[in-house]
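Chemist: Next come the chains, spelled out residue by residue.
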Amino acid sequence: MMFYIHKAACISPQQTFGDIDIEQLHVAVDNKLYAIEPKYPHFNGNALRRMSKSTRMGAGAALPLLADNDKPNGIIIGTQVSGMEENGKFLNQIIEYNEDMLTPGSFVQGTPNTISSQIALINNNKNYNLTHVHRGLAFENAALDAAMLVNENPAHTYLLGGVDEISANNYTLDTLGGWFKKEPCPSDGLYNSTTAGSLSGEGATMFTVSGNQAGAIAKLSAITTIHSSDVAVVKERIKNFISKELPDGKKIDLLLTGENGDARVFPFYQACEEILDDQTAIARFKHMSGEYPTASSFALWLACNFVGGILNIPRHMIKRHGDLKSLKNILVYNTHKVGQHGCMLVNVA
Amino acid sequence: MEIAELKEKLKVQIIQFLNLTDLTPADIKDDEPLFGDGLGLDSIDSLELIVLLKREYGVNIQDPKEGRKVLVDVNTMAAYIKEHGQK
Numbered sequence: 001m002m003f004y005i006h007k008a009a010c011i012s013p014q015q016t017f018g019d020i021d022i023e024q025l026h027v028a029v030d031n032k033l034y035a036i037e038p039k040y041p042h043f044n045g046n047a048l049r050r051m052s053k054s055t056r057m058g059a060g061a062a063l064p065l066l067a068d069n070d071k072p073n074g075i076i077i078g079t080q081v082s083g084m085e086e087n088g089k090f091l092n093q094i095i096e097y098n099e100d101m102l103t104p105g106s107f108v109q110g111t112p113n114t115i116s117s118q119i120a121l122i123n124n125n126k127n128y129n130l131t132h133v134h135r136g137l138a139f140e141n142a143a144l145d146a147a148m149l150v151n152e153n154p155a156h157t158y159l160l161g162g163v164d165e166i167s168a169n170n171y172t173l174d175t176l177g178g179w180f181k182k183e184p185c186p187s188d189g190l191y192n193s194t195t196a197g198s199l200s201g202e203g204a205t206m207f208t209v210s211g212n213q214a215g216a217i218a219k220l221s222a223i224t225t226i227h228s229s230d231v232a233v234v235k236e237r238i239k240n241f242i243s244k245e246l247p248d249g250k251k252i253d254l255l256l257t258g259e260n261g262d263a264r265v266f267p268f269y270q271a272c273e274e275i276l277d278d279q280t281a282i283a284r285f286k287h288m289s290g291e292y293p294t295a296s297s298f299a300l301w302l303a304c305n306f307v308g309g310i311l312n313i314p315r316h317m318i319k320r321h322g323d324l325k326s327l328k329n330i331l332v333y334n335t336h337k338v339g340q341h342g343c344m345l346v347n348v349a
Numbered sequence: 001m002e003i004a005e006l007k008e009k010l011k012v013q014i015i016q017f018l019n020l021t022d023l024t025p026a027d028i029k030d031d032e033p034l035f036g037d038g039l040g041l042d043s044i045d046s047l048e049l050i051v052l053l054k055r056e057y058g059v060n061i062q063d064p065k066e067g068r069k070v071l072v073d074v075n076t077m078a079a080y081i082k083e084h085g086q087k
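Chains as they are written, first to last, in the numbering used here: chain P, 1 to 349; chain R, 1 to 87.
Rather than coming from a laboratory, the hints here were simulated on the basis of the structure.
This one's a predicted model, so the numbers in the text were calculated from it and none came from an experiment.
Here a beta-carbon is modelled for each residue, glycine too, at the ideal position from N, C-alpha and C.
Each hint should be verified, as a subset may be incorrect.
As the list claims (entries may be wrong) - Restricting the straight-line Cα-Cα distance to at most 25 Å, the calculated cross-link-like pairs of lysine-lysine (DSS-like) are: (1) P:89 to R:9; (2) P:251 to P:239; (3) R:82 to R:69; (4) P:7 to P:219; (5) P:337 to P:319; (6) R:54 to P:89.
Claimed, not checked - Derived Cβ-Cβ restraints for the label pairs, each shown as a range: (7) P:104 to R:68: 16 to 22 Å; (8) R:21 to P:239: 50 to 56 Å; (9) P:312 to R:26: 48 to 54 Å.
Said to hold, decoys possible - Chain P side only, calculated, beta carbon under 7 Å to chain R, not exhaustive: (10) 46; (11) 49; (12) 97; (13) 101; (14) 103.
Please model the complete structure; the sequences and the hints are all you need to start from.
Modeler: Here it is as structure tokens:
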């Protein structure tokens with residue numbers, strides 16, 4: 001047992017917060033998929049204007065899960081870049097003002113653990129509070145942390161989240177590194193692209209998790225992380241993961257894949273598809289979320305809603321329909337910048 | 001710089017430094033209190049304003065009592081810059 005997921009909330013480039021509608025695709029602008037942010041009426045003006053975008057989104061997504069005055073036994077966040085825009089401002093101030101008279105705003109908002117801290121302040125929560133920053137596996141590591149805590153304390157509830165934002169500096173650097181497309185690429189043409197890079201994205205996804213099955217919408221039954229840039233090694237590891245973690249007689253009903261239109265990464269996704277039989281349904285999500293280090297948290301939000309029967313898979317996500325009849329077991333596979341891979345097995349609760 | 005021009009520049013800088021994105025310079029009256037019932041700024045903002053005065057005008061405010069007299073409204077800030085500004 002890993003943990004049961006009881007509530008989930010997501011602020012993303014799609015209409016995933018408030019009145020949820022994932023059928024209508026919101027497309028990228030200049031190769032970027034910006035999050036659709038709500039008005040955040042629960043934050044007071046002074047707090048809101050100081051928050052970095054990632055803190056706003058993270059705390060904003062967490063609030064509905066804490067609305068019943070719930071106080072989780074821990075707040076565990078995965079983020080790579082966090083408030084990178086504010087971080088950049090702070091570093092520029094150091095140079096611009098010759099290390100003199102630096103203000104606290106950008107420094108506070110530019111550190112990764114600001115998101116979990118802000119949520120703790122809002123929730124008046126002095127329990128376990130940790131932020132994982134392991135690049136493309138930050139969310140998976142946060143989930144593993146939550147799983148270990150649930151294993152020790154099954155009755156406890158934890159807030160688990162994945163958050164990252166688009167920052168001008170990182171976008172420029174990652175584009176130079178070939179991770180974002182240099183030529184214009186429409187969202188609906190992403191998977192036909194044969195060049196390097198993807199669309200840039202951002203978002204915040206929050207879950208409340210525990211060892212209690214009652215009332216859960218989904219179960220995360222297994223998770224693994226792989227560090228390798230060798231397709232054969234990754235394929236073997238995923239194959240072993242499935243055979244070890246999927247109960248005998250069960251099959252993967254849906255592969256939710258992080259395929260992202262980057263020709264350099266495609267062989268990994270192709271290898272994962274080859275492990276499954278040719279009737280297994282395949283759906284993709286990066287045309288919705290864009291590429292960002294904790295995009296797998298967006299995939300987990302989708303998987304929870306699909307196995308929980310809350311949302312149907314929209315047509316624009318489906319790569320192969322296969323013999324999809326019921327959704328009981330979903331494999332989420334995502335890779336970030338070739339070397340980091342994460343697999344999550346999501347089941348009906 | 002004329003005092004009227006200085007006040008307009010200050011309003012732009014206050015909005016920029018404090019990220020008051022829902023305001024324009026025209027929304028800030030010269031005699032509108034910066035704290036409390038006026039713009040509703042708080043203690044963290046006062047720190048940002050002190051840094052603004054130092055960075056942009058070379059004005060040092062080291063005595064908290066002096067700061068309370070300077071950071072009242074745009075009028076008092078502009079007058080203090082006129083008297084003590086070094087840029």
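Chemist: All hints are to be evaluated individually against the structure, with a verdict given for each.
Modeler: How the hints compare with the structure:
The straight-line distance between the Cα atoms of residue 89 of chain P and residue 9 of chain R is roughly 21 Å, inside the 25 Å bound, and the hint therefore holds. Between residue 251 of chain P and residue 239 of chain P the alpha-carbon distance is near 13 Å, which keeps this suggested pair within the 25 Å criterion. This hinted pair checks out: residue 82 of chain R and residue 69 of chain R have alpha carbons roughly 15 Å apart, not beyond 25 Å. The suggested pairing of residue 7 of chain P with residue 219 of chain P holds, with an alpha-carbon distance near 11 Å, which does not exceed 25 Å.
Simply put, residue 337 of chain P and residue 319 of chain P have alpha-carbon atoms about 22 Å apart, close enough for the 25 Å limit, and the pair holds. Distance check on the hinted pair: residue 54 of chain R and residue 89 of chain P sit about 18 Å apart at the alpha-carbon level, within 25 Å; holds. The hint said 16 to 22 Å for the Cβ distance between residue 104 of chain P and residue 68 of chain R, and at roughly 20 Å that hint holds. Separation of residue 21 of chain R from residue 239 of chain P is about 51 Å and conforms to the stated range, judged on CB atoms against 50 to 56 Å.
About 50 Å separates the C-beta atoms of residue 312 of chain P and residue 26 of chain R, a value consistent with the hinted range of 48 to 54 Å. Interface restraint check: residue 46 of chain P against chain R, minimum CB-CB distance 6 Å, threshold 7 Å, status holds. About 5 Å separates the beta-carbon of residue 49 of chain P from the nearest beta-carbon of chain R, less than 7 Å, and the hint is met. Because the beta carbon of residue 97 of chain P sits about 6 Å from the nearest beta carbon in chain R, less than 7 Å, this interface hint is met.
For residue 101 of chain P, the suggested interface contact is upheld, since its CB lies about 5 Å from the closest CB of chain R, less than 7 Å. The interface hint given for residue 103 of chain P is met, as the beta carbon of that residue sits about 5 Å from the closest beta carbon of chain R, less than 7 Å.
This entry satisfies every hint, going by the numbered hints stated previously.
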